[in-house]
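Given these sequences and hints, build the entire structure.
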Amino acid sequence: MFSGATRHAAEVDGIMFFIVLSSAILLVLITIAMIYFTIRYNKKRNPVATNIEGNTILEVVWIAIPTILVLFMFYYGYVSFADTRSIPKDAMNVKVLGKMWVWSFTYANGKTSDTLYLPSGKAIKLDLLTSDVNHGFFVPAFRIKEDCISGKQNYMVIYPDKTGEYDIFCSEYCGMNHSSMYTKMKVVSESEFNSWLKK
Amino acid sequence: MTNPETHSNYVSYLDYQGKHKGIWAWLMSTDHKRIGLMYLSGIILFFLAGMTLGFLMRTEMLTHGKTIMDAQTYNAIFTLHGVIMIFLVIIPGIPAAFGNFFLPIQIGAKDVSFPRLNLFSFWLYMIGGILALSSLFLKGGPIDTGWTFYVPYSLRTNSNVSIALLAAFILGFSSILTGLNFVTTIHRLRAPGMGFFKMPLFIWALYSTAWIQIIATPVIGITIVLVIIERLLSIGIFDPALGGDPILFQHLFWIYSHPAVYIMILPAMGVVSEIIPTFTKRDIFGYKAIAFSSLAIAFIGYFVWAHHMFSSGMSDLSRMIFSLFTFLVAIPSGVKVFNWVATMYKGSIEPKVPFLFVMMFIFLFSIGGLTGLVLGSLSTNIHVHGTYFVVAHFHYVMFGGTVMIMFAALHYWFPKMFGKMYDEKRAKIAIAFIFVGFNMLYFTMFILGYMGMPRRYWDFLPEFQLGQTIATIGSYIMITGFLILIHNLAKALFKGKKAEQNPWGGSTLEWTIPSPPPIENFEEIPVITHGPYYFPSAKEAK
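Residue numbers (numbering that gives the first Met the number 0), protein chains in the order written: chain A, 0 to 198; chain B, 0 to 541.
Just so you know, the hints here were simulated from the structure itself, not pulled from any lab data.
When the alpha-carbon atoms are kept at most 30 Å apart in a straight line, the in silico DSSO-like pairs for lysine-lysine are as follows:
1. A:42 / B:197
2. A:110 / A:198
3. A:183 / B:65
4. B:538 / B:287
5. A:98 / A:161
6. A:43 / B:427
7. B:65 / A:185
8. B:427 / A:42
9. B:424 / B:496
10. B:538 / A:43
11. A:161 / A:198
12. A:185 / A:151
13. A:151 / A:94
14. A:151 / A:88
15. B:65 / A:98
16. B:496 / B:427
17. A:151 / A:121
18. A:43 / B:419
19. B:351 / A:43
20. A:185 / A:94
21. B:424 / A:42
22. B:538 / A:42
23. B:497 / A:43
24. A:151 / A:98
25. A:183 / A:94
26. B:496 / A:43
27. B:424 / A:43
28. A:42 / B:351
29. B:496 / A:42
30. A:198 / A:185
31. A:42 / B:497
32. A:42 / B:419
33. A:42 / B:287
34. A:98 / B:138
Okay, structure coming up:
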């Protein structure tokens, strides 16, 4: 699951870990407190309840601490997201076309393929297009997705690093065979890629 | 309205004979309690229908490839599951059923401000429900767009989108009119002495909800009309082929549908704030914090809608702003949870069935809320958007949150509504089944989603098989629990022991009148002299 196929993927997993860990701590605290109170202040043990109308300091504390915590989550989430939006000058362009229910990829030299071949170690800019309804271009191993919206051209920047095969799914519901709108991304060495491109 | 003095002889609202007989005595009744009960029956029937569809979906996902149905059927079934559960169960759920029944009683009134409008709202609910179901059988075939009706797919498909949308439009009006009725009732009909800060917190929650219903629902109304016009006349609002903008639809849809999430959850939070004091026998901790957090959620909830669209190509700046607001709306929900748990401190706790539901709710809703942080943070959202992670998240919030509390409310107020008591032991067994099954089903989906399993998929890759199997088995365990639960209540309805006026020792006004309540609730309108959660048995803190 935590394959770290790209630097960005490892970063997303790191933020995920931070959020899940802080959430788990909060959840455990809440649950333990709840169960402990229910046992400790059970009617048999504590026949007479005590009224406590509230406590301003406590209210401030449990507003302030979570607010600070979530602002960190917001900040890290935004920074790592912003990285994926800036387009390096030397990025290679590939056109991605979603069509009910296949993907096709067009390269600068006009070559078209139904599998996404990419060279490793280069910045890639994918232009996301559709010829019918909305689709979602989703590469789980890269922890990234962006929709193909009809009438619009969205984009995505990726940095394939390790050679290998990765799943590509459609993540925006697009009708009957939505779940078979699947293909692979094959990341190969630059020389291998260049010879494939010329074929 | 008749003079209260003539009502010294107690007649239960269930036995009361008006000018209509038989079924019409219910369908034509303007009594808020009868209307609430009719909503409740409708909601439970639709819940069972939605649950059956869920059962079919999970069975289909047991193996990859075809298990019991083809892809088109599966698409129609998950759409209907969503439409039924959202529009016919969760949105009307607590406000229409329990709000109608208990709002007037809890504020010491004889009925809502506009009883006839209330009945009309119920009729709209019925018409909408029947229309939604009829779209199943009419020519064109059941809708297959998902409950979000995203364009352009919803413009292109030949299935019965227009009929289903019309159903949602009518249901929307039912919701608006109920909201209007509740706001007016809360402002005008509170018993003498009941200031806003002496209202039960359930009323505060209904009040906040009602405002969202009034303000947000018209947006979905107009959006629906535009989609229907676009389908019939192709004028080019949403269809990119005609120069329209599909993203405009997504904005309009979520400007309603996100606040609608708070229409769904706020009333449940209100019920929790009722149940906890009753079973801890002490005043609620942080009354004002809880009341104001309802308003804060209702308000901030308007500014977060586009977090449903983080991958649809909005500008990076707007993604950042919506991410920030999304994190802020988490705070008031957290405040509520902390105050509820703090109320258990130094209480005198009897963990009866409604309280066990509430404990389960706090656990499940916290998981739902905390995983919302994963969705609020931009780069993690981009990864899990449109996957099982989102499905798991909103089931934890809406199902583990709202629906569990719907059943908590049913078990809390059942003795009051029907004057009968259910088998508590059996209900506890059912809760255990539900708790285990629920977590097996939806927690597994978090993991599947993070692994990359997209939602609304009829088929899946072999690597997801183990998780899918665990989830399906979990769903069977959970459904068993719900069947036990509902059977137990149905049995109690006919054979249950007689319930007392105040079986739990609650402090709000509904426990001061007989079970089941008489036709006009109160013989004499009560005068309120203390807060809603006043237990004379409790010591005052030093």
